[in-house]
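Chain R: place on chain E using the hints.
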Amino acid sequence: MSYLQLIDLHRDFGTTKALDGIEISLGQGEFLSLLGPSGCGKTTALRLVAGFDRPDKGSIIVDGKDVTRVSPSKRDMGMVFQAYSLFPNMTAEQNVEFGLKIRGRKRADRQKRVEELMELVGLGHAGKRYPHQLSGGMQQRVALARALAIEPRVLLLDEPLSALDAKVRVQLREEIRRIQLELGITTLYVTHDQEEALAVSDHVAVMWSGRIEQMATPAVMYNSPATPFVAEFIGTMNRLEATVVDGTSGEVDHRGARMTVPAAQGLTRGERVLVLVRPETLEVAPVDGGSSANGGLVGDIVAHTFLGATTRLKMLGEDVELIADIPTARVEALPIGTRVVAHVPLEGVRLLSLADADAAPASAASDPGDQ
Amino acid sequence: MAPSAYVWLLIGTAYFFIPLLATFLFSLKSNQTGKCCTLASYTWVIHNGQFWHTLKISFLLSLETIAISLLIFVPTVYWVHLKMPRLRPVIAFFALIPFVVPPIVLVVGLLKFFKGSPDWFYAQPWGFLAAAYVILAFPYMFFSLDAGFRAIDVHTLTEASQSLGASWPVTLVKVILPNIRAAALAGSFLALAIVMGEFTIANLAAFHTFPLFLQYVNETQAYPAAALTLMSFGITWAAMASLLVFGRRRGGRGTAIVGAR
Chain E
5 MSYLQLIDLH RDFGTTKALD GIEISLGQGE FLSLLGPSGC GKTTALRLVA
55 GFDRPDKGSI IVDGKDVTRV SPSKRDMGMV FQAYSLFPNM TAEQNVEFGL
105 KIRGRKRADR QKRVEELMEL VGLGHAGKRY PHQLSGGMQQ RVALARALAI
155 EPRVLLLDEP LSALDAKVRV QLREEIRRIQ LELGITTLYV THDQEEALAV
205 SDHVAVMWSG RIEQMATPAV MYNSPATPFV AEFIGTMNRL EATVVDGTSG
255 EVDHRGARMT VPAAQGLTRG ERVLVLVRPE TLEVAPVDGG SSANGGLVGD
305 IVAHTFLGAT TRLKMLGEDV ELIADIPTAR VEALPIGTRV VAHVPLEGVR
355 LLSLADADAA PASAASDPGD Q
Chain R
14 MAPSAYVWLL IGTAYFFIPL LATFLFSLKS NQTGKCCTLA SYTWVIHNGQ
64 FWHTLKISFL LSLETIAISL LIFVPTVYWV HLKMPRLRPV IAFFALIPFV
114 VPPIVLVVGL LKFFKGSPDW FYAQPWGFLA AAYVILAFPY MFFSLDAGFR
164 AIDVHTLTEA SQSLGASWPV TLVKVILPNI RAAALAGSFL ALAIVMGEFT
214 IANLAAFHTF PLFLQYVNET QAYPAAALTL MSFGITWAAM ASLLVFGRRR
264 GGRGTAIVGA R
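As you go down the protein sequences, you meet chains E and R in turn. All residue numbers for the first sequence refer to this note's numbering, where the first residue is 5 and numbers rise by one. All residue numbers for the second sequence refer to this note's numbering, where the first residue is 14 and numbers rise by one.
Next comes chain E alone, as it looks inside the complex (with noise of 0.2 angstroms):
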């Protein structure tokens, strides 16, 4: 049963529509990230969950009552932001027990909740000291330690990473992950990095133009993009505009490669896809006899790009740009200026309508963490 619900929200700003009827169901107890670039309507959402902003049309339910018009001080939603909110005048202890005092509890209570959750977020040293005592990774662990100190029914969590330096934003996200399951509270995460997203929800939902693109778990969302969006926006992904040469095979025609695809089996001759295909997927080797025969696509290798245990080529053949990863041991055989074939695997490739993939900007391969 779901927990918490957003039905057919929209906002608008002016012309703007930052939500265009968004719908999200979650079960108790679970992670729900929502991703997608900026402007994309994902803080527009949490904020519309937390209380400060009013939807012009929809309703957010919170175990099934209605909470779309009770204000933000009586919804029990905890909040993490993407700014550092502590209190500057109080301690961290003191921040943590801010919302115990708002309640009432008593004195013994809120210190046994504030060692509690002090010890929680492994700050059980730093209690006494101000925020501006505190590196930005502390001052978000202490904010996350406040926010769960009420026993919130939600805990929302907007871009608290973003601020944070490399290192320290893996190690808290998997510290808020850790702490979201030992206390199994229903959680939304809202990021731009789409990494993040994957290594820490039960459920993803992209974002974009205030529409939710697909809303699945971080597996099936990486393996089985629904839109183009989608499988540009979560991880990089090679875009190959082709023809259904035959349904009965499968065999698409890319610019005069001929590839078998699973996937377009059943579809009529002549039909217009997108191909799409992981870097980490495609099979590069150096070309024998220079022909693009049995499904391979030829060009040359013009870049490497090291990223650790693989390493990234680009190629660019006559009518092809694709980006392979190899391993990095095998680098050394494929120097740049290579004239390499990559065949396209028989399982693991996407095949979308053309039609949707208009919609989409029409690069060859994408990867936002580059951008």
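Accuracy of the hints is not assured; some may be wrong.
In silico DSSO-like links for lysine-lysine, alpha-carbon gap of 30 angstroms or less [unchecked claim]: (1) E:K21 - R:K187; (2) R:K96 - R:K187; (3) E:K69 - R:K96; (4) R:K187 - E:K132; (5) E:K171 - E:K318; (6) E:K105 - R:K187.
Don't read these hints as lab results, they were simulated from the structure.
Here is chain R on its own, set in the frame of chain E:
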């Protein structure tokens, strides 16, 4: 510090302290003989009932002005920053009016405007004069508070407080006010200084305040006037210092203004 900096510091110090020193030496002269050195002028001031009476009126008036100004302007500036930022330049424009309109014009206008109002207001310094001083203090209080609110993340602090269950008044008193304390104190200092030295409005509205007593002594007795000037100077500074101590007493960080790092 470079040697030239010491020279400039010395010049600056001399510029401010030589007049004070000269006034002090002048105040030590005898009213009868005109020779140095006696504390008779100070004794005369301290034993003068009018001195204490007018000082009390002006000091209480300044506290009243500060209290009314803070009550009006803190919530107003907070709300403008939070909900109506477009209104800020408009209020800033209005705040400049007391600078542009001379006090003599202001008092004539106010006297006409409030003519016919109840005696408890019109005939009492705590009514009419306090209202006029709140107007005079408006620019100082507004710009001080405005700077204070700009130094903190009002939106995030407010939303964080509300998400934890705090109402608007609790948010204002427990979260916002402690973090703009420095700005509120700065505005209060300026308001205190203005009220303690304001002459034109009090004179034209026929209220007997400390500056009027100072002026009276200045016209009639030269040496006690110098003593009184120095004493008023010291009293104003002492009042400011006490405000500072009072303002800093609560909270661990005193006048903390910390934005996101």
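Now for the hints, and whether the structure bears them out:
no.	hint	result
1	E:K21 - R:K187	violated (36 angstroms)
2	R:K96 - R:K187	holds (19 angstroms)
3	E:K69 - R:K96	holds (28 angstroms)
4	R:K187 - E:K132	holds (18 angstroms)
5	E:K171 - E:K318	holds (28 angstroms)
6	E:K105 - R:K187	holds (11 angstroms)
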